[in-house]
Amino acid sequence: MTQFGTEVTREKRVVSIRGEVDRILGCITESADHYSVLKISRRASIEEIRKAYCRSVDLLHPLKCRDVIEREGTMQWKLSQAFLRVVEAFSTLSRPARRIEYDGALNRKPTAPLPLPAVHNGVSQTNSVNIRVPRAIDTAVKKPRVATAFGSSEPTMPRVGDRRRTARFSLRMPVRVTPDDGAWQEVTESWDVSKLGIKFRLKQMIEPGSVVHLEMPMPPDLRREGESDGLYFVSGVVRHTTPNAERGNLVGVEFVHSSVLESINFAECAIEPLELVEDV
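Be aware that the sequence shown starts at 1, since it is given in the working numbering, and climbs by one per residue.
Honestly, the hints are just simulated from the structure, not real lab data. Don't take every hint at face value.
With beta-carbon atoms standing in for the labels, derived distance ranges [unchecked claim]:
hint : residue 1 : residue 2 : range
1    : PRO179    : GLU47     : 19 to 29 Å
2    : ASP181    : GLU47     : 23 to 33 Å
3    : GLY19     : MET205    : 35 to 45 Å
None of these values were measured; they are calculated from a predicted model. Cβ atoms here follow ideal geometry from the backbone N, Cα and C, with glycine treated the same way.
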């Protein structure tokens, strides 16, 4: 391909990215539903949902749009907002239970507000009946929750004698998994998350001791300090794998900073897992 042909192809790609970003930002402004964001019908299968998500990732992934960001300063913010909206849509529609609940909310018609009780003449406001809030409700202590773009998650509280150093959260969010050799990529969903590690299921089989690179919309409270971008990039070491042909292999990964990966003896990871394995 000639240099002119390459430039034309690049310009078409930039125009395509701009158009998709503007479309999704329009969906955000108009409060469009998840199906409109992913450009799929409400009868779409789970496979069609995943394909739509992968198409958006391939087009809008921040790492693939660096040239566009360099040309337009505001594009980084726009890309981040658009990509997070796509992630939110996928996170809901890829889970059957959550999708059923979401579809029910879409189908639910707005109801008229209940009429206010009539105010009788001669009754002053000071004599109105005071409604008492039940003590059980008034004094209820709310459990701590982690807010995310997709809702909230309850922390798994450590039991007596539990050696975990950080709380784990049953948090569901999309995770893009890439092995260190880049031989494959798989988009899955988190199963269990803490500041030190994560659990998820993979169709691919991966050995303990392997290095993986993860991309996900991690909540701020579970990130390293100074990490505030829309997507969270982190490397990790596979500490354990539980094979399951039907549901997918359950994989536990311990987060490791990329600067210390070279100092890890990966052979030992598969034989003598560190205590931190309980954090994931």
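Quick rundown of the hints versus the structure:
Our hint of 19 to 29 Å for PRO179 and GLU47 holds, since their Cβ atoms are close to 23 Å apart. The hinted range of 23 to 33 Å is satisfied by ASP181 and GLU47, whose Cβ atoms lie roughly 27 Å apart. A hinted range of 35 to 45 Å for the beta carbons of GLY19 and MET205 is consistent with their spacing of about 39 Å.
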